[in-house]
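Spelled out, the chains give:
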Amino acid sequence: MVVETQASPLQDGGSGDSDPKVVDKVVIRFAGDSGDGMQITGSFFTHNSALAGNDISTLPDFPAEIRAPAGTLPGVSGFQLNFSSLQIMTPGDTPEVLVAMNPAALKVNLRDLVRGGTIILNSDTFRKNNLKKAGYTEDPRETGDLEGYNVHAVPLTSLTLEAVKDTGISHKLAGRCKNMFALGIMLWMYDRSLEATLGLMTKKFGKMEEVFEANKKALTAGYNYADTVEVFTGRFQVGKAKLVPGTYRMLMGNQAAVLGFVAGAQLAKRPLFYGSYPITPASSILEGLSNFKHFGVKTFQAEDEIAAVGSSIGAAFGGAIGLTGTSGPGVALKAEAIGLAAMTELPLIVINVQRGGPSTGLPTKTEQADLLQAMFGRNGECPVAIVAPQSPADCFTMAIEAIRIATKYMVPVMYLSDGYLANGAEPWSIPEVEDLPGIEVKNATDPEGFLPYQRDPETLARPWAIPGTPGTEHRLGGLEKQENTGNVSYDPENHQKMTLLRAEKVERIAQSIPELEVHGDPDGGDVLVLGWGSTYGSITSAVNRVRDRGGRVSSAHLRHLNPFPANIEEVLGKFKKILIPELNMGQLLFLIRARFCIEAEGLNKVQGQPFQIGEIEQKIEELL
Amino acid sequence: MVVETQASPLQDGGSGDSDPKVVDKVVIRFAGDSGDGMQITGSFFTHNSALAGNDISTLPDFPAEIRAPAGTLPGVSGFQLNFSSLQIMTPGDTPEVLVAMNPAALKVNLRDLVRGGTIILNSDTFRKNNLKKAGYTEDPRETGDLEGYNVHAVPLTSLTLEAVKDTGISHKLAGRCKNMFALGIMLWMYDRSLEATLGLMTKKFGKMEEVFEANKKALTAGYNYADTVEVFTGRFQVGKAKLVPGTYRMLMGNQAAVLGFVAGAQLAKRPLFYGSYPITPASSILEGLSNFKHFGVKTFQAEDEIAAVGSSIGAAFGGAIGLTGTSGPGVALKAEAIGLAAMTELPLIVINVQRGGPSTGLPTKTEQADLLQAMFGRNGECPVAIVAPQSPADCFTMAIEAIRIATKYMVPVMYLSDGYLANGAEPWSIPEVEDLPGIEVKNATDPEGFLPYQRDPETLARPWAIPGTPGTEHRLGGLEKQENTGNVSYDPENHQKMTLLRAEKVERIAQSIPELEVHGDPDGGDVLVLGWGSTYGSITSAVNRVRDRGGRVSSAHLRHLNPFPANIEEVLGKFKKILIPELNMGQLLFLIRARFCIEAEGLNKVQGQPFQIGEIEQKIEELL
Amino acid sequence: MTAKPELSPEKIKEIEEYDRKIFTSDQIVRWCPGCGDYSILAQMQKTMPEICQEQGIPRENVAVVSGIGCSSRFPYYMNTYGFHSIHGRAPTFASGLKISRPELQVWVVTGDGDALSIGGNHLIHALRRNVDLKILLFNNRIYGLTKGQYSPTSEQGKKTKSTPQGSVDYPINPLSLALAAEATFVARTIDADTKHLASILKRAARHKGSAFIEIYQNCNIFNDGAFKSFADKKVRDDRTIVLEHGQPMVFGKEKDKGIRLDGLKPVVVDLANGADESSLLVHDEKTTDPTLANLLARLEEADESTPVPVGVFRALDKPTYDGLLDEQVATAQEQPNAGDMAALLAGGETWTVQ
Amino acid sequence: MTAKPELSPEKIKEIEEYDRKIFTSDQIVRWCPGCGDYSILAQMQKTMPEICQEQGIPRENVAVVSGIGCSSRFPYYMNTYGFHSIHGRAPTFASGLKISRPELQVWVVTGDGDALSIGGNHLIHALRRNVDLKILLFNNRIYGLTKGQYSPTSEQGKKTKSTPQGSVDYPINPLSLALAAEATFVARTIDADTKHLASILKRAARHKGSAFIEIYQNCNIFNDGAFKSFADKKVRDDRTIVLEHGQPMVFGKEKDKGIRLDGLKPVVVDLANGADESSLLVHDEKTTDPTLANLLARLEEADESTPVPVGVFRALDKPTYDGLLDEQVATAQEQPNAGDMAALLAGGETWTVQ
Ligand SMILES: Cc1ncc(C[n+]2csc(CCOP(=O)(O)OP(=O)(O)O)c2C)c(N)n1
Ligand SMILES: Cc1ncc(C[n+]2csc(CCOP(=O)(O)OP(=O)(O)O)c2C)c(N)n1
Ligand code: SF4
Ligand code: SF4
Ligand SMILES: [Mg+2]
Ligand SMILES: [Mg+2]
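Quick note, the sequences are listed as chains A, B, C and D, same order. Sequential numbering from 0 applies to the first sequence in numbering that gives the first Met the number 0. Sequential numbering from 0 applies to the second sequence in numbering that gives the first Met the number 0. Sequential numbering from 0 applies to the third sequence in numbering that gives the first Met the number 0. Sequential numbering from 0 applies to the fourth sequence in numbering that gives the first Met the number 0.
It is worth saying that the hints were derived from the structure and are not from the lab. Any given hint could turn out to be false.
[Stated by the list, open to error] Derived list of chain C stretches under chain D, where covered just means 3 residues or more per stretch with a C-beta under 8 Å from a C-beta of chain D:
no. : segment
1   : 40-51
2   : 127-138
[Stated by the list, open to error] Under the rule of at most 30 Å between Cα atoms (straight-line distance), these lysine-lysine pairs were calculated in the DSS-like manner:
no. : chain 1 : residue 1 : chain 2 : residue 2
3   : B       : K496      : A       : K576
4   : B       : K203      : D       : K157
5   : A       : K131      : C       : K158
6   : C       : K317      : A       : K206
7   : B       : K131      : D       : K207
8   : A       : K106      : B       : K171
9   : B       : K202      : D       : K207
10  : A       : K206      : C       : K285
11  : D       : K157      : C       : K264
12  : A       : K618      : A       : K575
13  : B       : K206      : D       : K146
14  : D       : K158      : C       : K264
15  : B       : K171      : A       : K575
16  : D       : K146      : D       : K207
17  : B       : K131      : A       : K576
18  : A       : K171      : A       : K239
19  : B       : K131      : B       : K171
20  : C       : K157      : C       : K207
21  : D       : K201      : C       : K317
22  : C       : K157      : D       : K20
23  : B       : K171      : D       : K285
24  : D       : K160      : B       : K203
25  : D       : K264      : B       : K206
26  : A       : K496      : B       : K24
27  : B       : K203      : D       : K285
28  : D       : K227      : C       : K207
29  : C       : K20       : A       : K203
30  : C       : K317      : D       : K254
31  : C       : K146      : A       : K203
All of these numbers come straight from a predicted model, not from anything done at the bench. Just so it is clear, CB atoms sit at the ideal spot from N, CA and C, and this is done for glycine as well.
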């Protein structure tokens, strides 16, 4: 989110007939069976909120199975949306509204709902069979489980069937429109324009006329139903956020990475080659990039992760931006080849969309537990650069940054995203092309005195001479190289020297990366919350909340993990206590302690889920 | 070496005719072309020294190429031997005697020789052609390069041909006996019994009578030549070391590992399965174990390292000791599968005979740069146990220890040896079978209440129920497991709990490993030198030297790297300064700093070679 | 040689009473409704009792090892020892298990991505070694679990999420690959043809050595109908041919078509219109020469009229890796010093210090 | 499609003057004296000038990629762009290079361990994709660099350091594997037969698509004489047969023996004793049906009298992976928005905040 200042609630909205109550921010969750269309429902509402001027953050929650049997717990699919008239940075800790399309969706999601929250459930599905599949022995509407919530049981299926019966659509397809009926209710509840969503629907279903008609009818019927039946007592309005003017789009992390790498290669004026093997949650980067052939992008679905990284190194040898992407277990497989890229000093970029580990772990869940693997997961002394985007849209920025570092320093770069960033989305203020950073890349072309391992005195990069260039023919390989000539060398002193040079080259990257900025009190204070990667939103929100209450807490967020920004030690030194929240057992903490010998403290969570703002807030309070 | 006390030089030897001078310790190096038989020459001398009662340490130095062209620098093969009447722990920093069979051998080895040392060279090979191949433009005997050394130019080839001419052996084979002529000279110089070596020769060549005769003649001729020509003015004697009584054999590290794993499996009463893919310097473990089928050992030369570790995990699932072995790049390939072994909690042992890195690096050279890979080289939070032998013979002891840990805690164990240990040798006092530690292993057999992930309250190990056992059927896998039942679980709290349990289990190993012992002043002092793995000999020797001069330095050596011995923090706390010498850029240092936040200092060498005692000595002096 | 343990009379009785339930675990099956995997699981659970009874194998001696993929969830549903390993590596775990425990019956369940993309190398090495594994490859010509990218068996030009303009690589033929890898047992069957499937499972179980079975499996979510053109009940008789050892190659609903060789080229002849049955190619699964099996593996490529063969393409008797290694171990264990720990420690040149 | 860059007249002249020296790097060759690798290197250095001249390829457009092994040190000795990569993965680096730079001529040098043990999967996938690579497999049936363990092409029962009682696994046939992997060009030659070797290198260079060449290479240190029984000059004419497209299969010093088919079985006939040349099998490297090539790949296994074939087994014209992908890219680049950065950034649903 690009928010100008932290605005106070705006009061400029609201012409609804039932006098909507203005609120700052709402978190809603749509939940249903995999086949219930929850993702599209959520994205329609998101788009509507965007048009309404809210700041937004979204997160889908897919089931691990492709299509678990209908109505079962593992089959539940969800979409959470946080929309606000204030600056927001996370999809929200706890939903205030839950739309539950069946008993399983209720069961899975109820525990996350705030006490007193609103539940809209599809009463047509609360039948014996479905209740049993969801593991309910009794109907939860009758057991008191829902006490304290504001429950609306609506026969969504039958109302929808009734609404669309004239469209001539099949019974099966008709039933599928019930998500739009639910969406209609929600649009009414948040005082939203039906037209905006109908517009989007035209784009989406326009060509399939019958389907469009039915969905339109269901949506409108839902809206009217809510308007008419007077059971939905509360109606709310979330005003416009004070966003920086500009044109926006919603960007999911993996999509942002795709755009960033395509744009970065264009800026570097080098072709982009992506070698990859499908794996959750990285596959959508392969799928995304395969649609950019009109930017000269070549994607190669390799036979495995080793072939994927190998092909990317081969492409980098040939002068392309050699990009490969995967998730944790795939990075393990690429380790040997990354070592080769480090030895041959080629601009390879490795995306790791981290997921829950170890081993196969929790493929569809998020975690940040591959940082030390990125640092040390290879044989020998083998430093590489590491960057990590901090929000879905930042995946764009850091993709360009990864290309800049790889080509400027001739060094492999690890790019650590995670499952939360990959699928989370936020509005992105579309930049002007001219405002993107320039990336200047040189290839060696002069045979005169050419030596493949002679280094640039500033960056220590070796020259990038590519096949096809007359006179700079040379041989690369994984055996230790003689300084300058690059010939194979077993000389003891040379090995020590080259080891130091490879390390020093990575250290020098710090000369061209931004300093670590302090959010809060740059001159120091009681607690500094230091984070990296996807925890940015939760950390910043928590810090803001405590600061709003007067706590002397600040935060700083690392997007460069190796090397660290040059001023990090100085920053850390200004604070009495350092708190490092991570979705792992303390990996950045480990690096910080080893590097600076300071007694920082960790807040560690490995539950396959992002931090809730409240969790960090509470820990800060403990330290203050 | 097993030495009772640090004895002072013994004076009990010496009945030689030319009044040999008694010395404490001698370091000699045999060097020649790959085809010159230097390894066998060295091992014959070693055995003779053993029979003479010396303490011994040896190290071969093989060329990287199989058979580089004869006479060239890359083709030089060497064998270094340190023998002494005192306790010794390394093959010696710098040889005092160099036997150089050709100009290339001289060129490669001269820089290591102590100033004033003795050179015996084969003058027959100092011809234009050979000099050129060795990169000499002039004969070094005439350039002053050898000034300050005690040079004996002996026409070894022609003298040998002359000596064996009556044996009827071919000219080619006759020439090959020149190494024995050189050995004869050396035996005379160190006042050694010809008979002992002739005895060994009988065993070696006994069946090939002609060859035996020729070698015998060459050996005797060399001995007599030295006795007669009176050019070898100095004759030396190295007395008996005060070794603990017992029967000894020379043991190379990889050979010791082989014996240790075979013995350990016998002690555990479980079959040993070794899945491996050849790689320098680990191949000789595969080769060694393939000779132990009479102990039920099954070796499987897999198609690659992944298959190797996979097969070993499969065997461990089946109830065997699942052992796999490789070197650094191979460990990188095994990373994903090691994660699976951690998740399935199976007793897998992974040998890493470390070599120079990164990437292919320096395959035939030693390094300790895979410690952090062993700790962190996998996706997710994936702790495993790590042990590291400290000397060639300790490879035996730690092999048994690895089996003990793996089976007691149901956990993967990394066993970090290195190229220096693998090929280095020392005398080993052969233990009595009864004195070996017992290893008690249980398999779950009772179906009653059996749960595959129910833990032993003491060790946190899960039960090892193996196929073929009725009633304990269960399914393992890489997805997160539900506590106790082992069913697949995506539950957030369960994931956190299991992550903690896996970590805690590894930590508990500390309860059953020996405390860290201090060599020197257990109550503390100025400097503690903390080491791990193969640097033991150099560190201890350096500490002894400084202590002999009164320096308040002590040492402690880690053979358990994860977890550390329980008392490590306490030990570290007793010393003003901590010095950590490593053959890497500071990996143990990193762990120690991160873990205990103490400002230890590193002494780091990455030259493909072990520390010289003097290097550590000097650094200690700096710190004192 | 590790002798097969004698079964007690109680055990024999127990085995006699095995039924499908015995092999059904308590885990909820989580494939998409309509997935072909269900049918394969059902046949396996039904057939295992018979296999155990026929060969005297107790359930606890059966192990199922898989990689990663939809298909690879199979072990969770079989109530035996199971191992859901990592992607592509199932043959390695299974090989280690079988080699160290030759008395177990080890099954491998894998998918076209698992076995032929990331795992291709392990597959061919397990086969060439003739490790006694029963390998079931569920070929749905798509990556199911990762939601629909093309696989090495997908047809060229396939539009998937990762190939919006159509894939450009040529597919691999699993049977040709298995034959090139010296597999001693090679067969093919179809998920929906439950009877044939069951019969092939039984044949595979009887084979001593690596058995490779390609099972055409419909993924109704990402590649629905991939095999419809020949596997559909309506056309199956005319578009497939069931191989039977020693039998002339006849197919068709009316058994009216046959396969004849024209040089090295197979052609379909019309038996109704006078073609002679004696001129037909006769199936021989036992010939060591792989030419016939190779030819059959690509029969449908010859021309539009040639059918897709199912059944056993090859079944050779050859010593297994696990058996041969076991023999070497057994021979070594007859040495006088076998298992002698003191000799182990004291080997090589020794000397004594008093 | 990335157009081949036009060559300047100077460049054409330069290429015309290429000689062996041009392709000889300044590195000292470090194989064991007597190793078969020397002969292959010499032929390559000699042949490359002709190949460049024939196809108008400047030296700088040639790249040699290898894995790890004795054979894989090859690139160091060729004065072009070279990549000595990691064990078994050469086809992956080469594929990435060729796909991103279709105008380069990319050679892969690999060994039997490198290509068939650890690297087997990459090999078959590069072949099936028909990436335009020229793959030279130096088959010495042993691991040279790691000092003599058996390899996947070693004969069963081979005693090596890692198999003191003899290996128990069955060897793999590299040509069968390549054919199963849909290789479009498959050939075999022998290190010592320099002329034949040179001719095959030239044929491979001309082929558009994956070319797979097995070169029998003697490792005189760890597996000396592995091919002596047929490759020795003295017996070569009688124990090998040189395949030539369109020619009947005749061999023998006196050209007096031929190969005929008996059903699917090849048999040797004696032409001197009346057998008819017209009944002989005629070689056809262009047939898409792999049966003949498969049969020839195992000809010597048929019986003691059948010879070992050398030459080109198969040479098919099929679009390459790199070519097809390049076409997709070229087509996409004709879109009006191709390369439009502003459109890239602004894609999808947008809204404006004033
Ligand atoms: C090392 C690794 N790479 C990639 C993946 C992701 N992955 C899981 S299954 C699969 C392919 C599944 O296809 P297939 O083997 O055909 O099985 P199916 O799902 O079709 O039954 C992939 C790419 C993984 N789990 N591990
Ligand atoms: C990952 C990895 N595993 C193992 C090795 C060790 N290694 C190097 S070459 C080689 C096999 C060599 O055999 P081959 O490919 O036949 O080549 P040759 O030396 O016979 O030419 C092995 C096992 C390695 N370098 N890297
Ligand atoms: S995605 Fe396809 S293969 Fe996987 S379970 Fe669903 S239908 Fe079956
Ligand atoms: S070991 Fe064999 S293959 Fe390697 S260089 Fe020597 S002779 Fe050649
Ligand atoms: Mg599949
Ligand atoms: Mg080889």
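Going down the list of hints, with the structure as the test:
1. 40-51: violated (count 0)
2. 127-138: Coverage by chain D holds for the segment 127-138 of chain C (3 residues, Cβ < 8 Å).
3. B:K496 - A:K576: This hinted pair holds, its Cα atoms lying about 28 Å apart.
4. B:K203 - D:K157: 24 Å, holds
5. A:K131 - C:K158: 39 Å, violated
6. C:K317 - A:K206: Violated, at about 61 Å.
7. B:K131 - D:K207: Cα-Cα ~46 Å, so violated.
8. A:K106 - B:K171: 86 Å, violated
9. B:K202 - D:K207: 60 Å, violated
10. A:K206 - C:K285: Since the Cα atoms of A:K206 and C:K285 sit roughly 58 Å apart, the hinted pair is violated (cutoff 30 Å).
11. D:K157 - C:K264: Given pair D:K157, C:K264 is violated - Cα atoms ~38 Å apart, limit 30 Å.
12. A:K618 - A:K575: 15 Å, holds
13. B:K206 - D:K146: Holds, because 25 Å separates the two Cα atoms, which is no more than 30 Å.
14. D:K158 - C:K264: Roughly 42 Å between the alpha carbons, so the hint for D:K158 and C:K264 is violated.
15. B:K171 - A:K575: 79 Å, violated
16. D:K146 - D:K207: 36 Å, violated
17. B:K131 - A:K576: 67 Å, violated
18. A:K171 - A:K239: Status violated; Cα separation ~39 Å.
19. B:K131 - B:K171: 23 Å, holds
20. C:K157 - C:K207: 38 Å, violated
21. D:K201 - C:K317: 41 Å, violated
22. C:K157 - D:K20: Not OK: C:K157 and D:K20 at ~47 Å, beyond 30 Å, violated.
23. B:K171 - D:K285: Cα-Cα ~53 Å, so violated.
24. D:K160 - B:K203: 19 Å, holds
25. D:K264 - B:K206: Given that 30 Å is the threshold and the Cα spacing comes to 49 Å, the pair is violated.
26. A:K496 - B:K24: Between A:K496 and B:K24 the Cα gap is close to 34 Å, so the pair fails against 30 Å, i.e. violated.
27. B:K203 - D:K285: With a Cα-Cα distance of about 59 Å, the restraint between B:K203 and D:K285 is violated, given a limit of 30 Å.
28. D:K227 - C:K207: 35 Å, violated
29. C:K20 - A:K203: It is violated: about 48 Å lies between the C-alpha atoms, which goes past 30 Å.
30. C:K317 - D:K254: 37 Å, violated
31. C:K146 - A:K203: 22 Å, holds
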